[in-house]
Each structure stands twice: as C-alpha cells, then as structure tokens.
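At position 136 of the sequence shown (counting the first as 1) the number is 136 in full-length UniProt numbering, and the numbers step up by one without a gap.
In short, the hints are calculated from the structure, not lab data.
A couple of the hints might just be wrong.
Restraint-style ranges between C-beta atoms, simulated for each label pair [said to hold, decoys possible]:
#1 254 / 460: 50 to 58 Å
#2 141 / 60: 25 to 33 Å
#3 300 / 56: 47 to 55 Å
#4 108 / 34: 22 to 30 Å
#5 60 / 194: 33 to 41 Å
#6 200 / 34: 48 to 56 Å
#7 204 / 137: 19 to 27 Å
#8 364 / 254: 37 to 45 Å
Think of the CB as a built atom: it goes at the ideal place given N, C-alpha and C, for glycine as much as any other residue.
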Amino acid sequence: EMFSKKTLDQKFTESKWKKKEVIDLSNQKPKIDKLPTTIGGLKKCKVFNLEDNRIAKLPEEIGKMWELEELRMSNNTLQTIPTSITDCEMINYLDLSHNKLFFGGLPPEIGMLKNLRDLNLEDNELEMVPSEIGQCAHLQKMNLSNNKLHIIPREWCALKELEEFRCSKNIIAALPIDLKEWTSLKVCDLRANKLKIFPPELCVSWKLCHTLLLSANPLQELPQHFAYLQSLVKCDLAYCTGLKKCPLLQYLKNLTDLTIKAIDIKELPREIGYCQQLIKFDVSKNIMFELPTEIGYLQKMTHFSANGCELKVIPAEIGFLTCLQSLDLGSNRLSLEFLPQEIGNLTGLTRLDLSHNEFVSLPPEIKLLTELTDLSFANNQLIVLNDEIAECTKLTKLNLSNNKLQTIPPCIVTLHELQNFNLGTNEIQQLPEEVGGLVNLSKFDVSHNVLSKLPWSMGYLVQIEVLDVNDNNLVIPPRSAVNMGTPAMLKWLRDHEKEGKNQRVTGFGLKTHNDATKASHSKYAAAGK
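Using the sequences and the hints given, assemble the complete structure.
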C-alpha cells in the first residue's frame with residue numbers, strides 16, 4: 001500500500017495504526033522524503049521498516065515510540081540521527097546503512113541504547129564513529145564496511161558479547177591490542193584496509209573466531225601466534241602481497257575455505273596436506289611452477305583454483321581429489337605431456353578451466369568427465385578437436401576461442417545441452433551441418449574465422465539470441481542479411497535452404513542471390529527487428 005506524506009499524517013493518528021506492531025513503509029512510490037510528527041503516536045510499533053525511500057531526517061517524535069525494537073532505515077538520505085532515539089530503550093536492531101551520515105554523523109548518545117544487539121552503518125562515508133558505542137554492552141553484530149574510518153576506538157574493547165564485526169573497505173592502519181577482549185568474536189571482516197600488522201594478542205584471545213577476512217591489506221607477515229586460531233573455518237588473505245609465505249597451515253586443520261591468492265609465495269608448502277577439511281582452496285596468481293604431491297590429501301575439496309601460477313606440471317596425486325566439482329588451472333604453462341592421465345579420475349567435475357595454456361589437443365581423458373557443464377580451452381594452440389568431446393553430453397558452455405582449429409567434428413551434435421559455444425578467433429573454414437542439431441544454443445560465436453558459408457541447418461536454431469559472425473568471408477548468408485542481425489540471418493538460411501541444396505552454388509553464392517536479397521531486403525529487415 002502506497003501513502004503520500006499527507007496520508008501518513010492522517011493514518012498515524014488513526015487508532016488502527018496506533019495499535020500496529022509491524023509497520024512496513026519500505027520502497028514507497030512516490031518515495032517518502034519526510035515523516036510527519038504524528039509518528040510519535042505509534043506507541044505499539046515494534047518493527048518499523050522505512051527502507052528504500054528518501055528520508056533525510058527523522059523527527060524528534062520518534063523517541064516516543066517506546067516499544068520500538070527494530071528500525072530499518074537503509075537506502076535513504078539520512079544526514080542526522082536525533083538524540084531522542086535513545087528514548088527508544090527497547091531497540092535491539094538498528095539499520096542505518098546506505099545513507100549520508102557523514103554530514104552530521106551519529107550522536108554520542110547512541111551508546112545509551114543498552115539493548116542494541118545489531119548495528120549496521122555500512123556505506124555512509126563516515127570518518128569517525130562515536131567511541132560511546134562501546135557502552136552498548138550487549139552488541140553482537142556491527143557492520144561499518146565501506147566508510148572512511150581511520151581508527152577503531154579502544155573503548156570498543158568493552159563489547160565483550162560482539163560476535164560479528166565487519167569493517168571492510170575503510171582506511172584502518174592498525175588494530176588496538178585492547179580488542180583482545182572480544183573473546184566472543186566469531187566473524188571478523190577487515191578486507192581492503194591499510195593493515196600492516198595483525199597483533200599476536202588477538203590470535204590468542206579470538207579462540208572462537210571461525211571466519212577471518214584480511215584480503216587486500218598490506219600485511220608484512222602473520223605472527224607465529226596465528227596458529228592459535230584453531231577454530232578458523234574460513235580465511236581470506238588474497239592480495240596481501242607483502243606476506244610472501246603461507247600461514248601456519250599445519251595448525252589450521254579445521255579450515256574448509258582458504259584463499260591465498262596473489263600473496264607472492266614461491267611455493268605451496270607441503271604442510272597443506274594437514275588441511276584435510278578444505279572444501280574450497282584458491283592459490284591463484286602465485287608464481288610457483290609446481291604443486292606439492294601433498295595436494296592429494298585434500299580429498300574433501302570441491303573447488304580448487306591455481307590460475308596464473310606458471311605451472312608446468314600437475315602431480316598425478318590430483319587424481320585423488322574425486323570430490324572436485326570445479327577445477328581452474330587456467331593461465332599456466334601446461335601441455336598434454338604434463339597433464340597426468342589421473343585427471344580422468346575427477347568424474348564429478350562440472351567446471352574445468354584449462355584456458356591460456358599450451359595444449360594442441362584435448363586430453364583423451366576428457367571423455368571420462370561426463371558431468372562437465374562448463375569447459376574452457378580458450379587461448380591454447382588447439383589444432384584439432386578430438387572426438388572424445390562427444391562424451392561430454394551435459395556441457396552447456398564450451399569455450400574454444402583463440403586457437404588454431406580448422407574443422408569441427410560432426411560428433412559435436414551430441415552436445416545437445418550446449419547453450420553458449422565460442423569458436424571465435426580460429427581458422428575454421430567450414431562448420432558441419434550437424435551444428436544444426438545444437439537446438440539449445442542461445443549464444444554462438446564464430447567471429448574471426450575464415451568461413452564462407454553457414455550450414456543451412458543453422459536456420460532452425462530458433463533459440464539463438466546472439467550469433468556473432470564478424471570478420472569472416474561469408475557469402476551464405478549474404479552481407480545484407482548479416483547486417484540485419486541474428487534473426488535475419490537465420491530466416492535467410494531457412495528461406496533459401498531448398499534452393500541452395502538443389503542448385504549449384506557458384507562462387508559460394510546462389511546464382512540469383514544478389515537480385516533476390518535486394519528484392520527481399522525489407523522482408524529480412526522486419527525479421528531483424
């Protein structure tokens with residue numbers, strides 16, 4: 001139900017509204033830009049939702065909503081918060097995210113909300129937050145992400161019930177040692193700050209912390225005490241390029257999700273074998289040339305990425321990772337010779353990325369990976385597409401772009417689930433008629449090849465939304481149809497199929513195709529719209 005300001009002024013005085021416990025005025029059309037003072041009459045309201053409006057100011061009368069427990073004000077234009085809000089002593093949830101509080105900030109009195117348990121101040125361009133928040137002794141969740149904070153006040157160490165602290169995308173250069181008092185902390189997100197040191201005292205006291213996100217900080221090293229964080233389940237150290245070595249993996253045996261992408265390590269330590277609970281592991285963009293054989297111990301892993309590591313060889317032990325669903329080995333220096341046949345043991349794979357390597361053909365073991373839905377061999381040196389690809393019948397996405405392919409085998413027709421097929425930038429001279437059997441294709445890229453004609457059967461690929469034929473030498477269909485887009489090309493192929501098959505093609509064009517296309521120009525123009 002939508003309300004104007006005048007309507008709200010009246011509604012808030014009605015006895016029915018005064019008795020409401022939950023009031024939802026989110027995303028009004030037109031947007032609410034001002035609340036009437038009669039808001040103070042909503043004395044029974046416990047949940048007040050004003051999200052997604054244009055409210056710049058809350059009236060002082062909000063302090064009369066004495067039973068208010070949840071106030072949702074995200075995505076407005078709030079510049080100030082009235083001190084009277086402290087009279088709403090029952091508030092336990094306060095969402096002020098995505099506003100403009102940098103103008104007036106928060107009043108120190110916010111610390112008087114003794115029942116506050118969840119505070120969200122994300123995306124307000126705040127340069128400081130009152131130290132008095134430390135008086136909210138029962139606070140359990142606090143989100144300060146995407147602001148301009150330089151410091152975390154020492155006074156916040158009193159938040160001994162804090163379980164989740166999110167402060168990513170700020171300018172914090174140091175963590176107060178006093179935060180060791182946060183002994184209940186379970187989730188800490190400090191991504192994209194200016195931290196150079198992680199205090200060892202925090203490692204010792206944050207024994208319950210299971211999620212620690214420190215990516216994109218200029219950390220110089222991790223303290224030896226990092227080993228005390230034995231409850232860690234998820235750890236993100238991506239782009240902490242100053243580290244140059246892994247955390248103490250042999251002690252972090254409960255990790256299930258580890259990201260050490262681009263931390264400038266030269267080798268993956270053998271101790272990785274101790275992390276046998278790992279499910280997701282990203283070691284991309286570290287130049288280390290090889291993986292240790294101990295990688296084979298990570299037999300619960302479902303997602304593994306070693307993209308851009310300059311790897312020349314993959315150990316046979318990768319064949320033990322039979323739970324893998326996604327394997328990214330793109331942007332390395334791998335070739336058929338150094339990809340072990342044990343790759344065929346990974347029969348649960350649904351995604352395999354071997355793009356930007358040095359393969360001249362697909363590994364024969366590809367025929368065993370019958371669960372694949374997404375396969376990329378883009379930017380290799382493929383000169384032939386093996387018939388083994390026909391066994392991957394569940395593929396929906398296949399990228400073979402930027403290779404040296406000249407032909408596509410007719411067996412491609414077995415890939416009947418294929419939706420996105422990229423053959424761009426190869427040396428393909430002709431597509432087989434069997435391509436017309438790929439009835440689920442929605443995007444087909446054959447640009448930058450040497451095609452002179454498309455198969456007549458393609459005219460019936462009615463699901464295609466994008467057919468990219470740029471930079472070819474197409475005569476069938478003619479340029480006039482090509483210029484009018486995908487629907488026009490397909491229609492031309494359908495309309496001329498019988499004629500094309502019955503007549504001798506001269507110079508790859510129908511004998512009368514110039515006259516015919518001129519006469520039917522408007523016909524295909526309509527199809528292209």
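Hints, verified against the model:
no.	hint	result
1	254 / 460: 50 to 58 Å	55 Å, holds
2	141 / 60: 25 to 33 Å	27 Å, holds
3	300 / 56: 47 to 55 Å	51 Å, holds
4	108 / 34: 22 to 30 Å	26 Å, holds
5	60 / 194: 33 to 41 Å	38 Å, holds
6	200 / 34: 48 to 56 Å	51 Å, holds
7	204 / 137: 19 to 27 Å	23 Å, holds
8	364 / 254: 37 to 45 Å	39 Å, holds
In terms of the numbered hints stated before, the structure departs from none.
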